[in-house]
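Fit chain B to the known structure of chain A by using the hints.
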Amino acid sequence: MKFSPLTQRRINNFKANKRGLYSAIIFTIIFTITLFAEFIANDKPILVKYDGGIYFPVFERIPETYFGGEFETEADYKDPFVQNLINNKGFYLMPIIEYSFDTINYDLKVPSPSAPTLENILGTDDQGRDVLARLIYGFRISVLFGLILTLLSSFIGVAIGGLQGFYGGRIDLYGQRFIEIWSGLPVLFLLIIISSFIEPSFWILLSIMLLFSWMALEGVVRAEFLRARNFEYVKAAKALGLGNIKIMYKHVLPNAMVATLTLMPFILSGSIATLTSLDFLGFGLPPGSPSLGEMVAQGKANLQAPWLGISAFLTLSIQLSLLVFVGEAVRDAFDPRKVF
Amino acid sequence: MKKKIIDVKDLSINFNFNNQLVKAVNGSSFTINEGECFSIVGESGSGKSVTAMSMMRLLKENSNTHIAGQIKYNNKDILRLNEKELSDIRGKKISMIFQEPMTSLNPLHTIKKQIKECIIDLDNTDKKIINLLNEVGIEDANERLNFYPHQLSGGQRQRVMIAMAIANKPDLLIADEPTTALDVTIQKQILDLLNGLRRKFKMSLLLITHDLSIVKKIADKVAVMEKGKIVEQGSTNKIFKSPSHPYTLKLINSKPTLKKFKSKSNHVILKTENLNIKYKIKDSFFNKRKVFFHAVKKLNLEIKEGQTLGIVGESGSGKSSLALALLKLINSDGQFFYNGLEISKLKERDFRPFRKNIQIIFQDPFASLSPRLTIEKIISEGLEIHRKELSAKDISVLTGDILEKVGLDKTMLSRYPHEFSGGQRQRIAIARALILEPKLIILDEPTSALDMTVQKQIVDLLLKLQQELSLTYVFISHDLKIVRALSDEIMVMKSGEVVERGAAEKIFLNPKNNYTKNLINSAFI
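Going down the list, the protein sequences come from chains A and B.
First residue of the first sequence? That's 1 in the numbering used here, and the numbers climb one at a time after it.
First residue of the second sequence? That's 341 in the numbering used here, and the numbers climb one at a time after it.
This is chain A alone, in the form it adopts within the complex (with noise of 0.2 Å):
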């Protein structure tokens, strides 16, 4: 692939800051594999051969009468019984952690939550449930709240930035008083006002975030394209005829890109800490769901049993300095001053 030497010199300002390629790398190969949390955390057997056939339990349900069991529902693997039963007639494949995050550890000597042991190894939370489990599916489900809100606000806000900044005058008065006003309202009353008549899903809380959060972009957005309207090659470009919105996408836009990329990894880290603390209150995902804030709350409401806190302490301060190592090395990729 061949980049603009623009963009191969933003590549190389990228790659000099060390710490920022190394967060990057980091957090790629943290992310990655957690995408694959069900192979890697899961209470179903990766891949069973019973009786010459292949399945796959992480993708299929399949009834424990079909093993030879007495059960119409979903065989459930952890069952010594259900156990004996395929490894009569073929064998099963279990992942590294056998527990999914809601998967309870009945088999507890001690009452939950319990210490770290060979069998879970960063212990249990109150409700008996694998610490390291929820933590993978937490880091997974924190990370891509963040991503799609990032990408959502950062779309909208541009958008409208951008029509203010390229249109200025009226567009632009009554867009900015608008936003004076709506940025004045509590984001989180507003959240816990609704959370406490619906019970607030993934995408009801993104949405919600999403009303808010575009605001971030907004302003440095507009200010470019303010700018940028009367440089002399978007002059020439309307000369040519081109129409007002290719002018934007093509010549006006690359310009407020560079604002928008370099602000895009912090708003990623503040969507994960606005999430993590929602759910730290209560107020967050529904109950049961694997959330680094739910953690942190357990933590603080079971001193007795630090694991919990400590784990779920590491995991967001590891997640959220690589996101804001990788944003440093964004902002000095970008940084007009680096030319040479």
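Quick caveat, the hints were computed from the structure, so don't treat them as lab data.
Using 30 Å as the maximum straight-line C-alpha spacing, the simulated DSSO-like pairs for lysine-lysine come out as follows: (1) B:K416 with B:K343; (2) B:K750 with A:K246; (3) A:K250 with B:K717; (4) A:K246 with B:K728; (5) B:K567 with B:K578; (6) B:K618 with A:K246; (7) B:K620 with A:K246; (8) A:K246 with B:K745; (9) A:K15 with B:K717; (10) B:K349 with B:K590; (11) B:K685 with A:K250; (12) B:K595 with B:K528; (13) B:K687 with A:K246; (14) B:K344 with B:K557; (15) A:K250 with B:K745; (16) B:K779 with A:K246; (17) B:K733 with A:K246; (18) B:K779 with A:K250; (19) B:K728 with A:K250; (20) B:K412 with B:K567; (21) A:K250 with B:K733; (22) B:K717 with A:K246; (23) B:K687 with A:K250.
Below, chain B without anything else, positioned relative to chain A:
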């Protein structure tokens, strides 16, 4: 034998630029005598300014900057003085004025405070400052003492800069392109002032410029610099009469050739009637009272096919506003007609088909090309709108052809604007306008950001294209020499109004209006 003020020997300045050694100045030697005006001429990038900066030691020697040789001032080597000794020389014995009066004064302090900073002897400072301001020709100096820089015009600011520079009666005044950023009439005043002050205070003047007509007028000795080397030096008379180096010859001959062919067509291609352009400068949300700045007032003009209309005027005369209004890039009142059709009232959508007939070329070739697109994309952009029927292959053939027409090579198509020099970029901008086969091209100061020799090339190219393609030009400039070379008719503008118009030669030979006379006198010194 006059006393030597400055003796420069084997001065070399190298910069380390991305691990590449750039020889900015390469072994120059020259001397400046007492009371003499010494001038360094050369194109941009020839190392003139760097030479001047090193004489004040304004360049810091570090791992990326290497300075060698010697600069002797009164038998002291400036390059080997320490900071304290330097501060005894800077501003007291040698002082400097810069090109850009807009940025060389601090906008947050009054001029009194800024001049006061330069004065060593602090008795009666107010009186001294007033004397200085009178000396540099600022009227009502008493009242202007407490002015901030933004309250002064460009020429007045340059005068304040000169006042600061001569405050301590220096032996040498370095003037780095002191008039380049100013209008022609003010250029002349500033030059006369500098020359007068030099005689009065018996100081030497080191004048750095690219404008040979200035050199010819006031310099005693000239050094011609090319790519960091002084290729020729000697007395002004000798250099201008019998230049020996080919580069000097090229510089001296870089006056544009005159337009020789005439268009016989009587067909009026563009006409305006009562064109007004206003800018809102004060607007109130509650009041209906609005304040306007009238950039162009009731303008009527007619351009015949194949001719060039030169529009001349100082900055702020409304020339560029007129260009933008004719392209409907800004709003205007009044009517204008293209080929007899009224286009002033058309909506943008309806006007778009006309756009390919009227094109514009801007002043700054560094700002008018998008840095993120390849040359091919920049040039072919217009084709994608106006000639949608073309295939990708046709487009690339057409762009290649047009690039050769403006004197560049086809192989450059995949490059980006930053890889080109100013002149080449201006050629690309011309190619972008030409590819739509326009009838009328508006040239908004197309040469003023370029070096003299490049200016000549661009003007020659424009003339050649006009003859080949029977183009009509509206040529906007403050540089009368180039306007004279290109134009059939001339319109002189002042504060939004036309003060004089007529056939080009008639106006240049026999100007009627005082303002026009003044302009022409200042331009051809």
